[in-house]
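Using the sequences and the hints, build the whole thing.
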Amino acid sequence: MKLVTAIIQPEKLDDVRDTLSRLGVTGMTVTEVKGFGHQQGHTEKYRSAEFAVDFVPKVKLEIVVTDASAGRITDAIRDTAQTGRIGDGKVFVSSIDEAIRIRTGETGDGVL
Amino acid sequence: MKLVTAIIQPEKLDDVRDTLSRLGVTGMTVTEVKGFGHQQGHTEKYRSAEFAVDFVPKVKLEIVVTDASAGRITDAIRDTAQTGRIGDGKVFVSSIDEAIRIRTGETGDGVL
Amino acid sequence: MKLVTAIIQPEKLDDVRDTLSRLGVTGMTVTEVKGFGHQQGHTEKYRSAEFAVDFVPKVKLEIVVTDASAGRITDAIRDTAQTGRIGDGKVFVSSIDEAIRIRTGETGDGVL
Amino acid sequence: MRLFRNQRSLYGIVAFVLLGMPATAWAQEGVDSGDTAWLLTSSVLVLFMTIPGLSLFYAGLVRAKNVLSVMMQCFAITCVVTIVWTVYGYGLAFGDGGRLQAFIGMGHFLLLDVGVDAVSGTVPETVYQMFQLTFAIITPALIVGAFAERMKFSAMLSFMALWVTLVYFPVAHWVWGGGWLGAMGVLDFAGGSVVHINAGTAALVLCIVLGRRKGYPATPMPPNSLVLTLVGASMLWVGWFGFNAGSALTAGGVAGMAMAVTHISTAMAALSWMAVEWLNDGKPSVLGIATGAVAGLVAITPASGYVGPVGAIVIGAASGTVCYIAAGSVKKALGYDDSLDVFGVHGVGGFVGAMLTGVFASELFGGVGLDNGIGSQLSLQFLGAAVTIVYSGGLTFIIAKVLDRTIGLRVTDDDQGLDIALHDERGFSL
Amino acid sequence: MRLFRNQRSLYGIVAFVLLGMPATAWAQEGVDSGDTAWLLTSSVLVLFMTIPGLSLFYAGLVRAKNVLSVMMQCFAITCVVTIVWTVYGYGLAFGDGGRLQAFIGMGHFLLLDVGVDAVSGTVPETVYQMFQLTFAIITPALIVGAFAERMKFSAMLSFMALWVTLVYFPVAHWVWGGGWLGAMGVLDFAGGSVVHINAGTAALVLCIVLGRRKGYPATPMPPNSLVLTLVGASMLWVGWFGFNAGSALTAGGVAGMAMAVTHISTAMAALSWMAVEWLNDGKPSVLGIATGAVAGLVAITPASGYVGPVGAIVIGAASGTVCYIAAGSVKKALGYDDSLDVFGVHGVGGFVGAMLTGVFASELFGGVGLDNGIGSQLSLQFLGAAVTIVYSGGLTFIIAKVLDRTIGLRVTDDDQGLDIALHDERGFSL
Amino acid sequence: MRLFRNQRSLYGIVAFVLLGMPATAWAQEGVDSGDTAWLLTSSVLVLFMTIPGLSLFYAGLVRAKNVLSVMMQCFAITCVVTIVWTVYGYGLAFGDGGRLQAFIGMGHFLLLDVGVDAVSGTVPETVYQMFQLTFAIITPALIVGAFAERMKFSAMLSFMALWVTLVYFPVAHWVWGGGWLGAMGVLDFAGGSVVHINAGTAALVLCIVLGRRKGYPATPMPPNSLVLTLVGASMLWVGWFGFNAGSALTAGGVAGMAMAVTHISTAMAALSWMAVEWLNDGKPSVLGIATGAVAGLVAITPASGYVGPVGAIVIGAASGTVCYIAAGSVKKALGYDDSLDVFGVHGVGGFVGAMLTGVFASELFGGVGLDNGIGSQLSLQFLGAAVTIVYSGGLTFIIAKVLDRTIGLRVTDDDQGLDIALHDERGFSL
Ligand SMILES: Nc1ncnc2c1ncn2[C@@H]1O[C@H](COP(=O)(O)OP(=O)(O)O)[C@@H](O)[C@H]1O
Ligand SMILES: Nc1ncnc2c1ncn2[C@@H]1O[C@H](COP(=O)(O)OP(=O)(O)O)[C@@H](O)[C@H]1O
Ligand SMILES: Nc1ncnc2c1ncn2[C@@H]1O[C@H](COP(=O)(O)OP(=O)(O)O)[C@@H](O)[C@H]1O
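Residue numbers (our numbering), protein chains in the order written: chain W, 1 to 112; chain B, 1 to 112; chain S, 1 to 112; chain X, 1 to 430; chain G, 1 to 430; chain Z, 1 to 430.
Calculated from the structure, these hints are not laboratory results. It is possible that some hints are incorrect.
[Stated by the list, open to error] In silico lysine-lysine, DSSO-like type, Cα no more than 30 Å apart, as pairs:
| no. | chain 1 | residue 1 | chain 2 | residue 2 |
| --- | --- | --- | --- | --- |
| 1 | X | Lys401 | S | Lys34 |
| 2 | B | Lys45 | G | Lys214 |
| 3 | G | Lys283 | B | Lys34 |
| 4 | X | Lys401 | S | Lys45 |
| 5 | S | Lys45 | Z | Lys283 |
| 6 | Z | Lys332 | W | Lys45 |
| 7 | X | Lys332 | S | Lys45 |
| 8 | S | Lys34 | Z | Lys152 |
| 9 | X | Lys401 | G | Lys283 |
| 10 | G | Lys332 | B | Lys45 |
| 11 | W | Lys45 | S | Lys45 |
| 12 | G | Lys283 | B | Lys45 |
| 13 | S | Lys45 | Z | Lys214 |
| 14 | X | Lys214 | S | Lys34 |
| 15 | Z | Lys283 | G | Lys401 |
| 16 | Z | Lys214 | W | Lys45 |
| 17 | G | Lys214 | B | Lys34 |
| 18 | Z | Lys152 | W | Lys45 |
| 19 | Z | Lys152 | G | Lys214 |
| 20 | Z | Lys214 | W | Lys34 |
Take a look at the structure:
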């Protein structure tokens, strides 16, 4: 199994989710994260104190998928989350040794 | 070393932690996440605007453990976090190449 | 490629970021997490209700780097985030099969 | 007051005599504009105590998933009681009950007979009834703290409509409306028994009938925001000046002294709670000092028009300490789940105040004086408190049980939180 | 009032006659300290409605990234209107327009002629103009809800300065300042047309000229905190007593009845909205009961000095129900993006109130009575509302278009949120 | 006032003469119910300024981990000062000091001699002392902003008890209690020197003795919620009407003008700060407009009973601009860590106001007039300010140093946050 980790623009979350469910992805886990990268942050000013906030809010999707479907899914995420503007984000793929569904205890691809 | 990632119901966090410490797990990292899956979300309504919120709050546990103990620990999590109701969550296991304790700089299983 | 995951004290975030950019790291993803470990938490008391909060706030850095640079980067994090006090945190290294830049679709080390 | 009423008409006569100017040229017969201004203001202040004051105080203390539900309860109670009051409540509490006057009032249906020109004392009756209404609103709202985080909204509405009708209006009539307790000489200036003991007792009974919150006391249930709670406590403090000083019904020395002693007692109670907590638990807390302040406000309520600064200091010190124990070790020991300590603070604080009124109203301690000495007043005060406890406790039990059997009091599952479960809303989306 | 003014000076004469004491020894000629106390308090209450009341009500309803922007708008409007009013606004609205009196007032430049001793009715003119100023502040502030989350701050400032000058001051003069509508007998006790229909119409026009928020209605835009909104609604409720009961300008029976009916109507409207929503949508909501309360406050505003409790109940029930429909299905159907329903609540609620005033002011229903019966009063009330709608709608359209062509009304991109984009600040860093 | 007092008793005589009705039938001798209503209301408003007003203003500006600590400080100060005042403070500030009268007052121990019937001017003395107490509460509370996020709670309590005793009560006596500064003709209507310069100076000295917060200025310390801060600023604004207009002690033209100029100055200062900031930093900010408003409120305080609208506009414009510079570039340059700019806003704003009072109180600018012309009044105003600065600065330094040597002023480690470290509580659990 593969873990597909995608860091995307928050506005894109809903679109990506729709695309993925159309691809038969039934589950995923989402985390609000702060991203550092090429994309500019903003500055804040409070009376005499001014400072640059150089992170930008992003959401991280973690989706465990079968080896077979990994490619299709990363492509789908890339295509859906793309705006062409700096800050669109990244997709990382790594390997998962095992997956267990807590409710039933079952393991393997069936879990996903 | 293995990374055990468990996505569970927030109410179960304390129980799982207790079980794990009884198993000698001394550390873990917890993140509040939003889960999408079979479990239903809820709807919200504000005057004329009604919409479905289809994620459910979950907590993600990340525990790096020795290869030897991985099995015991995943089993323990599964048994403790299980309610049998949809949404109990998942456990994923992957491999960690190296672990370092920042305070001492030491590496290897001793770190965990 | 390697995924360097560092769990550090929130106060250390800025220092670590500076060090890493000096090392040429252009991007990373940061998550606010709760840490359990040797470090003591605190107690809270509200009228007759008293309870121990045994997690401590930490931040988790996730940095995908080239195999070559992984060592340098983990060392840098360790040295910068170290205070010598319990709770400094951990660094974990694991493997990434693939990385994609959503904006351009390019893959491989160039993405990082 | 009565003679004062003649004053203006007297001017009328003077004016007429001297300049042949018709008395009708004067402001409303018998109405003093200054007293009216103060009672209008006081009505605003007492409503302000409930919304947003009390609702913020409570909102901050529950878990984030229930924050809206308690505010909704306070707000809905305000609305329901207002309508009930307008239709028949004012009559039951303050109307003339004729032969039944000792027990209950009558009349004033739909306030039809409370016209623009109706006068009560030195203020328009419209203002007088409005001021009294705000008391009828906050009393049931106080009970919300006891059943927070688990009661059905529909059951809550029915309970409150019944409770004000069967419990609050009669008790208010007994003490303030010309009923038997007031006639006997029970002293309750602004509502130690009528409001606080009454609500506190109902709170205790209701939370026991309802049962504990799921997971209580094992699971930690931290307040979602003590910022809101402290803001609420502060609003209660400032609003309470309308409650106590407004109860003088005139803008003069009595109101002035009532405000002064209210303020002193509150400060003293807050400091006492803080001190005791600091000694026992090692640290002073925001929730502690705020709760102490409320305890002091509660305890001075029945005394505010009768005692002086010295009395205020003692009443404050006593209530802060006693309530700390009641809401702390006692509650823990007995194990009932009065979520936000309505009984421990309002029930107990109200009792402390009611009793000490019997002592410090004496001229000995700078009070206005007692007709038959401290001893007999104390027994009267005890009678007033005891009657309220028994009546309110009994009726509350019956109402709660009946509703539980019929429509059911509790939500099926507290886990999800009442905001989503009952209102399809979330308190915060930050 | 006029005769009342003579009263004190009469005392002066009496005093002089009897004791040879100079009249100058008296308090300010013609000023009643009680009426003054109440109007000072009312001014405080009406300002309190806008900041923090209204700004909290609105702040809670927008998304977290825009929470500061709406509060900033309310606060800045308060400041700008205050200066405009001081320089020439009071003159335009309440000055003597001489030959043009029917249409516009004049004078009072920089309030130079409003001295410490100037008297209006039974209160100092300084207090009278202050009270009226607070109305001139809240009216434009109400409009903020319509263009929330997308309007440029600079454009907002210009719009408001122009709008109060060209729209509010004239309309206020027509109804309250001695202008033609008041002269014709249109009844608007505290601002059903002048304030609410006026602001509601402007809100509708402006939000249409401005266009919808990016993503509306597809994207969910949940309120960042209904806790803030309910606190704001509660503050509006208590502050509104200054608005309506203060409009009596004296502390007597009229103020008392105004406060009572305001309270009754509000409670009734809140419950009606809750009931209708419960039936239609399955659950009662915090936002629903709060919005209902505001609708009731709005609708009773023109009626508050003229109707009795019965009228208040009907006006409350009607406004709660009608506004529920207007801010719900109607708005959805028409598809305009009045972000926080200013038109649906203030425009529609104000209209309901204006018309029903023509009915329930009649003695038939316990009102103060109508000179020419319900029928003709209704047509007068309709005239007042219609004139306001046409005038306010037209002028607002022109002002908005002109500004859009010149400096531009909209921010370039709503995604980032106005707080960062316009003010370099964030609402919360928890 | 004095003559006014005779008025009612005069009525008494009139009544007696005409109808043989005993004067005792009247309301309290010499008390005017309207004036009393307004001073009762004003006392409520000024307490409202501190809790919740000021405590919200400050709470929003600190980091989330310290949000409770500042609210706790404001609340505890309110309680401590109340008790100190009741025991001996009122005597020291407003009692008759006999031979020492120029320097300090005496008596009124435990307010034993302040009975229900005691009268001061046209109001009960109970009300007068209550009103004055609220000033004694807010002055030390203002200082909280300077040492926020790092001072020990225990040290804070001791400091405040000593500070009000050794600094506030004497200074208040000098200016308002019959002391030498008032006698010399220094004009300070509502507390430019007594309250703001006094607190501002103490704030500066204390924050220097205490030292900077760990990480200041390198580490960003963003306000946890400007929503709370703006709500607090709004509450300060409305509450301030009690502060300034209440200081007239009567409900008449002086109160009316005081309220009007307070409002005008505040609006003008807020706009000036906004304008200067917009020009210098490119964007107007919520914190800027709010701070500007507070600066305007501070600056008009000493002038409020003496100047007219024109004076208010200039005072507002001046204070908004000057305080922007003081709290901005100046503070940055000097490098002291006055966390929430108490000195830059209250110290500097108070000074600007004190001086300009000497100019705009002149009839030339629509003021009430000066006995010896602007020139000599200016020197008097400067004297008042200078004396306050020197005395307050010196005593504050001594008290702070002594406490630092004995119990220690600072917490051991600011990182954890004071809420957990000192109170075992968290501000938010969302
Ligand atoms: N090496 C990396 N490791 C982990 N996350 C990264 C890395 N580089 C970028 N990211 C994440 O991807 C987000 C987008 O990257 P950025 O460089 O801003 O834009 P783009 O991907 O279009 O070049 C960043 O905000 C960060 O969260
Ligand atoms: N393929 C997946 N990848 C990552 N997380 C998943 C995946 N499937 C489910 N999850 C997580 O597990 C949680 C529970 O899954 P769900 O399908 O709701 O219940 P169950 O596990 O009982 O079938 C989800 O809320 C989500 O956080
Ligand atoms: N086995 C583990 N798996 C994942 N995270 C861990 C593990 N052990 C510790 N951590 C993280 O590291 C943080 C610091 O660890 P702790 O034991 O408190 O101090 P130290 O690393 O100095 O011994 C913890 O708060 C937790 O977030």
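Quick check: which numbered hints come out false for this structure?
-> 1, 4, 5, 11, 19
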